[in-house]
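**Student:** Here is what each chain is made of, one letter per residue.
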Amino acid sequence: MILRLLGAERLKMKRTWIIALLILGPIGIMGCMMINFGLRGDYFVRKYPDDLTSLVMESRMLLYLAIPLAGTLFASLLAGMEHQGSTWKYLFTLPVSRFQIYLGKAIPLFLLMTICAGLTVPALGFLWVWADLSGTIPWEMIIKSVLYPTLASLPVLALQLYFSIQWDNQAWPLTIGIAGILIAGGISKWLPWAYIRNVMPLDIGGDNDPHFWLPFAICQGVILLLIGATIIMRREVR
Amino acid sequence: MRDFFVLLCAEWKKLQKGLILSLLLIGPILSTLVGLTSLSMDIPADMPKWIFVYQMTMNNYAWLFYPIMTGVFAALICRNEHTQGAWKLLFTWPISRSSVWLSKATILMILTALSQLLFLGMYYLLAITQGFAENIEATVVWRSAFSGWIAVLPVVALQLWVSHLWKSFGVPLVINILLSIPNIFTAQSEQFSPWYPWSQPYSAMIPEPTESGILSIEPMTLWVVIFGGFLLAFGGGWLHTTRRDWT
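Chains as they are written, first to last, in full-length UniProt numbering: chain A, 1 to 238; chain B, 1 to 247.
Read the hints as simulated data drawn from the structure, not as lab findings. Source: prediction; values computed, not measured. Heads up, some of the hints might be wrong.
Simulated restraints on C-beta separations [to be verified]: (1) B/47 to A/87: 54 to 62 Å; (2) A/92 to B/89: 39 to 47 Å; (3) B/41 to A/2: 44 to 52 Å; (4) B/16 to A/16: 22 to 30 Å; (5) B/12 to A/19: 32 to 40 Å; (6) B/9 to A/209: 53 to 61 Å.
Backbone N, C-alpha and C fix where the C-beta goes; we use that ideal spot for every residue, glycine too.
Okay, chain A solo, but in the shape it has when bound (with noise of 0.2 Å):
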């Protein structure tokens, strides 16, 4: 049945701002990463150790604000769609409990991650090539430092997915989510926009310590995810 489910999902995202997103958010994390070596190459050789550590540390920056939004909006238009044509109604009258509607959302949105994460390691591959930096590629720690980000990202993609499906104007869980991204991680490292920092595997110092980190988000996505649906099972269809 849930496999049916996200046979469903993968027809009505066809064509779909979803689609280009998911291709143009690695191309631009590329691009982003192509012009600042370009422009501080020279500068990062001086500033950090080595090659490797001055790429994890850079895309550090970009990723720790591109996958949260990343996220936020890949919730945001998977639930809008429904409440653009207002077909939520339909969805729950079809004979599959609510729960499994819930987890047809949930699921897309994380496998959209994940190949978003997917396609951003061969693009920080050829960022290493491109900005001739020294060695053999480190596959290893560019899909380290990619996946932990998304895998941290969990609770915010739980939160934002119960947002977008609760309030039919998106305003509300874009709003939060940006805000909650670009402000809220620094105000304290235990709110969930903050954990995706935390989670570099290089020992940077500070809070960072993804043996610490990753567990505890990933329990509390799912444990966020199990609660939202929760709430949504339960509630009124307008």
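Based on these hints, arrange chain B on the given structure of chain A.
**Tutor:** The following block gives chain B in isolation, referenced to the frame of chain A:
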């Protein structure tokens, strides 16, 4: 001209005031909280306290939040028309399409200006509660806020255009965020920051304790990037709105 004022009143009535006000307040409140936490940091000896706190508050607000929120408000003021198919209704009235476009643009400019005012208000509130309000040089912070508002106008025009184009709330935001993200790097780079329209609000709002002028923007950037960009996006959106077929 009369059309325009009538429509402006109508637009004002259509705004959901509570919603708008709470959306406007989120950013300034959160950035002021960041400013509050910055009080416990080591303040550089050559920098007055009020300017350091202003800088920290402004950093978080103007860097990405302000240009991105401009996109949210643009989408929000076009949302009513999109969800209820009211564009056609609006255009069957004996009013020109230009005045519809102009009234929407004016409302959006008012909202972005309000955002700046609330930001300043929250900063002053912080200053009063923390007891450094009397040190603030009003001209510096007001000029910074005003320059930021001028600098965001090209984004206002472009976002209004794309919000007219797409029914979906998210699509204009996707465009806006994709274009704002390069700010992370361009805002710090001397080669790029004068030329990239999305990093202008940040560059303009950096407080400069000089006496000259009412704007803290380089003339070249002001006229070419901000004024030129605004004319391009505003004119393009205007022509497009008045000529396209509405579905």
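**Student:** Out of the numbered hints, which ones does the structure contradict?
**Tutor:** 2
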